Structure formats: structure tokens, C-alpha cells
Amino acid sequence: MRRAAAVWAGKATGALSRISRLGGGTTLPGDVARAIDPDVLRKLSRDLKQGAIVITGTNGKTTTARLLSWLLEGAGHTVVSNRAGANLIFGATAAALERAGADGRLDADWGVFEIDEASLERAVEEIQPRAAIVLNLFRDQLDRYGELETIAKRIEKALARLPETSRAVLNADDPRVAEIGLNLDRKPFWFGLDDPTVALQELPHAADARTCPHCGASLVFDAVYVGHDGVYRCPNGDFARPAPDLAASHIELNGFDSLSMGVSGVRIELPLGGLYNCYNALAAFAAGTQLGLEPAFIADRFRSFRAAFGRQERLEAKGRHLNLVLSKNPAGFNETLRTAIDLAGGKYLLIGLNDQRADGTDVSWIWDVDFERLRERAKLVVPAGNRANDLAVRLKYAGVDAAPPESDPSRALDALIDGTPEGETAHLLCTYTAMLDLRAELVRRGWAKPYWET
Amino acid sequence: MARHRKTFTVGWLYPDLMNIYGDRGNILTLLKRAEWRDYESRLFELGRGNAKRMDEVDIFFFGGGQDREQALVYADLLETKQQPLERAVASGASVLAVCGGYQLLGHYYQTGDGERFPGIGLIDVRTEAGKRRFIGDVVVDAGLIDLQPTTLVGFENHSGRTYLGPKAKPLGRVRMGFGNNGEDRTEGCLQGGVLGTYLHGSLLPKNPHLADHLIRSALRRRGIMDLAPLNDATEFAAHEKILSRAQRF
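If you read the sequences in order, they're chains U and A.
Residue numbering for the first sequence follows the numbering used here, beginning at 55 and increasing consecutively.
Residue numbering for the second sequence follows the numbering used here, beginning at 2 and increasing consecutively.
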């Protein structure tokens, strides 16, 4: 009875929120329902016929969740998923509510939930997932999450409490994630990249967590793929990257357009760009096979995938191609910059930096992003967002000749369109709320659909 | 005419471990601002086990780290860095220490359980763990004589409470934010050539006048008294952005 009341109150809140245009109704219904019945997510999760998968990590949660949902749906399953990047426990609850029926019950086969790093413990306890994926642990929003170490310990605690029959699916290439996995009683399923041709020569400035957990020595990297993710070992032999159970090799990257790689004897081709998406695809592949999907089916299904809101979203504006890429922390930004400049040959960019709570109120991290990459290669760089002035300083010290900073989203967009020749592609790399602000302006101009319709 | 350019050297203590709050911004600002004045900027990365040529350094930078990393640098600081650092400061080098670096240069850091970790005592400050973390924008009215404007802006994120002894002067007083300890409204410290502070953000990019103050102080021992002015409009626009938040405060 209480559960039905909670579900109905939540559903009504979601509908109201969408009608009143307050937002996509992506988390508020969860708040309301949990206030009425704190156990509502636990109960709804039990209704799932096959079970649930939770996905956490600093970067790639949304894309990986979307990839895995895409696979499961392709196999004929119904999937509940918190799609709009609403990854706190309230968001997961709201997603389950939206799909619950009039009787307050959830009629679906699978739940695929992306979970904020700090919410994983509670999510595991309530959802009792069949698998938990940890993608990576990068430095992110120290004002909100605290130190990486604290987050890592909480994730370890959460994984230690996974049900007996569940599997932790972990990125072997991330030293801090590997440390978590090696401490678990049950062996995780490890995934990793195996292709030195796409590796960087040295660690980028944003890299962290590079010391041996046993002797404290700085780790030696034989390959660096993304941030501090790569093939590493302790020089004293106390710690090393675990051998992956599933590896991707022969990687080919085609700008923001596509990637391909060999996994388990099949060729994966995915219409997503960037080396970081190789990890996301590999994680979804790993979880998919753990849940019984065939490699050949996964490869076939990936070919027709479409990206999530603001994650390599393509729009047309006055004859220019716009490419929206969420870039929210140093590791993520370095990868999207690398993809935009080195792989896609991008020359026209808008960089959006906000300091709202969802972005992180401390913007110091922009000094760990290698904006030097833009020097003498980008023809136009528009610093945008409410901290556009800080970006302008960062670009100045990177030796990048940027346009004047423009905090107003409409004027920033004008500057970008005016400075980008027709037929060319402009890349918009933005933090979360800077992306929301720009997207709202794109919607107002009729160039994009509201995000809850995508 | 071939000309031998003057050098300007920054020594970064533990660049791989103590770099948590965009500390690279402080390094880049010092190096670039010297380069723009036709100095040949050099960066010495002083990691664990490396104390080479510390006597050639004009400005040392010591940033913040996570607890795990801070514990790793601790032994090395006492073993290989303390003495050369003391000698360099005695001969007129400057030091900028932020957050964790600031704490480690003081007398000690006392944990919540009362356990004391001695610092290297280069500055007359002590730090005690606090329960609540101080997080947010900071505006400081700085008491430095040659600082124009007199404000400093930044971001703080610390749970340590730092208290100044008689030999250390506060860097300034907080107009917005918590500062050293959230009690006496002081922020940072100045003692000899050492400047300790909780401000990051990064600190120097948005406070180019402070960057120049440090460069000038370090070069004074070589008889260089003047720095050519630069156009800092971009930097001060970012400075103003935070100042305007203090007016609303």
C-alpha cells in the first residue's frame, strides 16, 4: 500500500515537472517517492525479472549504461535505466518509478543503472545487482566528493557486499580500480586494452593515483591509454596490472565518428569516437557476455548505437555541424580535446566552464587540462560558461590565441557560429551545467530537441 | 647580437604527488611571467630522492596532496629536502606553499586523535585537524606592502586549522571564506621569504600581482629590483569575478 502510494506520488511529480518545464523529471520523483517509502527502490528492484546491473566510475557511466541497455533491448529484453545522467539514488529511483505500473509494480526484465561513485554502497544494498561495473577513478570535483582515496574505499566496501552470485566487472588498466578488485574475496572479471599503438608516450598532467599500494613506489607505465589508465607495474614487483579476462586489441580510431577494435575474436565497430569510448564499449561487452549475450550479437548490435544527451551529440546550425561533448574533469577533458584536435582535426571550438554544484564549485582543475594541445592548431576557441574568465586566463598561459570570454550562452554561441565557416564542424566541450545552458539556447533556437525527448 | 639571457628557476617539490588542486597553474604562471620579461625560465622537478641543484632555485613551490600521497612525501621531505630548503631560504630564495605544503612547512600537524606529525618548522605555524571542511571561494585583504590591488582571490578546501606563532605574520584577513582556522579571520602566513596559504584556484593565475611579488622578491637577491609591467587585463577580469561574489556576500 505504502509502496503504491510512493510510486503514484513519484509518478505524479515527474509528470508535473515535465509539464511545467522545470526539467526532465529525472530525479525529483525519486525524492518524493523515497520520502513516502524509503524502501521503494529495494521493492521495485525485486520486481525485475532478470535483475540489475550498476555502473560506476568517474567517466563513461552514461555511455556505458546506454550501450548495455542497447544490447539488452536488442536481445528482446525490456530495460529500465536512469538515462538522463541522473545518477544519484534518487535518479535511479525515479527511473524505476517511471516504468512502474498502476499497481506500483515494475514490469521489466533488466535494470541498468549508472550510479554516482559516492552512492554505490546504498545502490548495491538496495538494488542487489547481478553485476557491478567500475570504469575508472579519476580526480573529479574535490569540493563535492572529497579525495579519490575516500571514494575508492567506499567503492571497495560496496563491492565487498555484492550478492554471492554477482560479479564485479572492473577495469584492470586503472591502478586504483585494480587495487580495489585485488582486495575483494571473489575474483573480479577484468577488462583492459591491449594495443600499444594507441598509447601515449607519457602520463598526462591530470594523472594521479600512481603509487604502489604496498611499498609506495611510483608506478612504472609500459603504456598509457587514458589518464592514468594503462599497463603499469610497481618497480619493486609488489603490484601490477591484473591480466585482463577480456582485452581489446587492434584499435582503430576515426575522429568523433567511430572506433573499431578486436574483442573475443569479433570485430567491434561503434559509431562513437575516442579511445575513452573503447573502455566504455569494452565494459558493456564484458557485462553483456557475463549476462549471456554472444560476442557476434554484441558486435552486430553496436553498429547501430546512438550517443546519449551531450555525449558526442550532433546538431546542425546555420549550415555548421555542431558536436556537443560533455567534458567534466581533467581526465575527460584531455581525452575529448585529444579526440577533437588530434583525431577529428577540429579547428573551431567552444569550451564551456560553469561552477555550479553539478560541475564542481572549484575550477582549479582546468590547470591540469592540456589546453596547450590547441596552440597553433585551433582557429577559433570561444571561452564560455559562467567561469569563462578563468578559461581565458588558462588559454592565455597555454599560449592559445582565444576569442574574448563570453559568459552569456547566446552570445557565446553567436561567436562560435560567426567564427566557424559554413560546412565546417565546431566542437563544443562543456561541463555539465554549461552544456545544459548551451543546449537550452540551442533548443530555444530550434536547433536541438529538449533533452528528455532525445 | 648574441645575448646571454638571465635565468629564472622554479623548483617544484613533489610535482607527481603534491599537485591536487590545479597546482600546475601556479607553476605555469611563474614560468610564463618570467619568460614574458625575457628571462629563460627553468623548472626543476624535485621528486622523491631528488634534491639536486636546489641552491639554483629562485622560487620553490610546494602544493597540496591527498593524505595517501602526503604520507609518502613526508619521509623524503625530512631526509632529503629540509636542509637544502633551509639553506636556500636563508640565502634569499622564495617559497610558495599551498594547503598541504603549507601545513608541512610548519611545526606540526595534529590529527583528530591527538597524534602529532612534526613538519620541518620553516615557518612558525601549527595545524590541527578540524571536523568540518572549509570549502568555497575566498577573498583576502592582503597586508603586503607592494601589492596592488590589495585583494587576493582563490578557493579553499581544507579541514586543517592553522594557527600562527609570533614570528609568522598573516598574509591577510578574509573578507569572504574561512582562511587559516575559521576563527581569527587570518589567512596564510608570511615569514622571511616563505608564503604559506590555503588559497588555490589556482592562486597565481588570478592573482598576477602576487605572482610578480614573489618573482620580484626572489630576484632581489641577485640585485634585480624591477620587473617590466605586463598587460594583466585577462587575469584581473577573473580576479574581479570572485571579488564581485564577496560584495554579494
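Don't take every hint at face value.
What the hints assert, rightly or not - Below, in silico cross-link-like pairs of lysine-lysine (PhoX-like), each with a Cα-Cα straight-line distance of 25 Å or less:
no.: 1; chain 1: U; residue 1: Lys503; chain 2: U; residue 2: Lys372
no.: 2; chain 1: U; residue 1: Lys372; chain 2: U; residue 2: Lys433
no.: 3; chain 1: A; residue 1: Lys7; chain 2: A; residue 2: Lys33
no.: 4; chain 1: U; residue 1: Lys433; chain 2: U; residue 2: Lys503
no.: 5; chain 1: U; residue 1: Lys372; chain 2: U; residue 2: Lys401
no.: 6; chain 1: U; residue 1: Lys211; chain 2: A; residue 2: Lys7
no.: 7; chain 1: A; residue 1: Lys53; chain 2: A; residue 2: Lys33
no.: 8; chain 1: A; residue 1: Lys242; chain 2: A; residue 2: Lys168
no.: 9; chain 1: A; residue 1: Lys132; chain 2: U; residue 2: Lys450
no.: 10; chain 1: U; residue 1: Lys433; chain 2: U; residue 2: Lys450
no.: 11; chain 1: U; residue 1: Lys207; chain 2: A; residue 2: Lys168
no.: 12; chain 1: U; residue 1: Lys211; chain 2: U; residue 2: Lys241
no.: 13; chain 1: A; residue 1: Lys33; chain 2: A; residue 2: Lys168
no.: 14; chain 1: A; residue 1: Lys53; chain 2: U; residue 2: Lys450
no.: 15; chain 1: U; residue 1: Lys241; chain 2: U; residue 2: Lys207
no.: 16; chain 1: U; residue 1: Lys433; chain 2: U; residue 2: Lys401
no.: 17; chain 1: A; residue 1: Lys33; chain 2: U; residue 2: Lys207
no.: 18; chain 1: U; residue 1: Lys433; chain 2: A; residue 2: Lys53
It is worth saying that the hints were derived from the structure and are not from the lab.
Being a predicted model, the structure only gives us computed values, none of them experimental.
Hint by hint, here is what the structure shows:
1. With a C-alpha separation of about 16 Å, the suggested pairing of lysine 503 (chain U) with lysine 372 (chain U) holds against the 25 Å cut-off.
2. A threshold of 25 Å between alpha carbons decides the hint, and for lysine 372 (chain U) with lysine 433 (chain U) the separation of about 19 Å falls inside it, so the pair holds.
3. Under the criterion of a C-alpha separation no larger than 25 Å, the hint pairing lysine 7 (chain A) with lysine 33 (chain A) is consistent with the structure, at around 14 Å.
4. Between lysine 433 (chain U) and lysine 503 (chain U) the CA atoms are separated by roughly 29 Å; this puts the pair beyond 25 Å, and the hint is violated.
5. Restraint check for lysine 372 (chain U) and lysine 401 (chain U): satisfied, since their Cα atoms lie roughly 18 Å apart, inside the 25 Å limit.
6. As the CA atoms of lysine 211 (chain U) and lysine 7 (chain A) are separated by approximately 55 Å, the hinted pair breaks the 25 Å bound.
7. A distance of roughly 23 Å separates the Cα atoms of lysine 53 (chain A) and lysine 33 (chain A); the hinted pair therefore holds under the 25 Å criterion.
8. Distance check on the hinted pair: lysine 242 (chain A) and lysine 168 (chain A) sit about 34 Å apart at the alpha-carbon level, beyond 25 Å; violated.
9. At roughly 39 Å between alpha-carbon atoms, lysine 132 (chain A) and lysine 450 (chain U) are farther apart than 25 Å, so this suggested pair is violated.
10. A distance of roughly 15 Å separates the Cα atoms of lysine 433 (chain U) and lysine 450 (chain U); the hinted pair therefore holds under the 25 Å criterion.
11. Between lysine 207 (chain U) and lysine 168 (chain A) the alpha-carbon distance is near 40 Å, which puts this suggested pair outside the 25 Å criterion.
12. Taking the CA atoms of lysine 211 (chain U) and lysine 241 (chain U), the gap is near 15 Å; set against the 25 Å cutoff, the hint holds.
13. The hinted pair formed by lysine 33 (chain A) and lysine 168 (chain A) fails the criterion: a straight-line CA distance of about 32 Å is larger than 25 Å.
14. Straight-line distance between C-alpha atoms of lysine 53 (chain A) and lysine 450 (chain U) comes to about 31 Å, which puts the hinted pair past the 25 Å bound.
15. Proposed proximity of lysine 241 (chain U) and lysine 207 (chain U) is supported: the alpha carbons are some 18 Å apart, at most 25 Å.
16. Between lysine 433 (chain U) and lysine 401 (chain U) the alpha-carbon distance is near 5 Å, which keeps this suggested pair within the 25 Å criterion.
17. Taking the CA atoms of lysine 33 (chain A) and lysine 207 (chain U), the gap is about 39 Å. The hint is violated against a cut of 25 Å.
18. Only pairs whose Cα atoms come within 25 Å are accepted, and lysine 433 (chain U) paired with lysine 53 (chain A) is rejected, the gap being roughly 41 Å.
The structure shown violates the earlier hints numbered 4, 6, 8, 9, 11, 13, 14, 17, 18.
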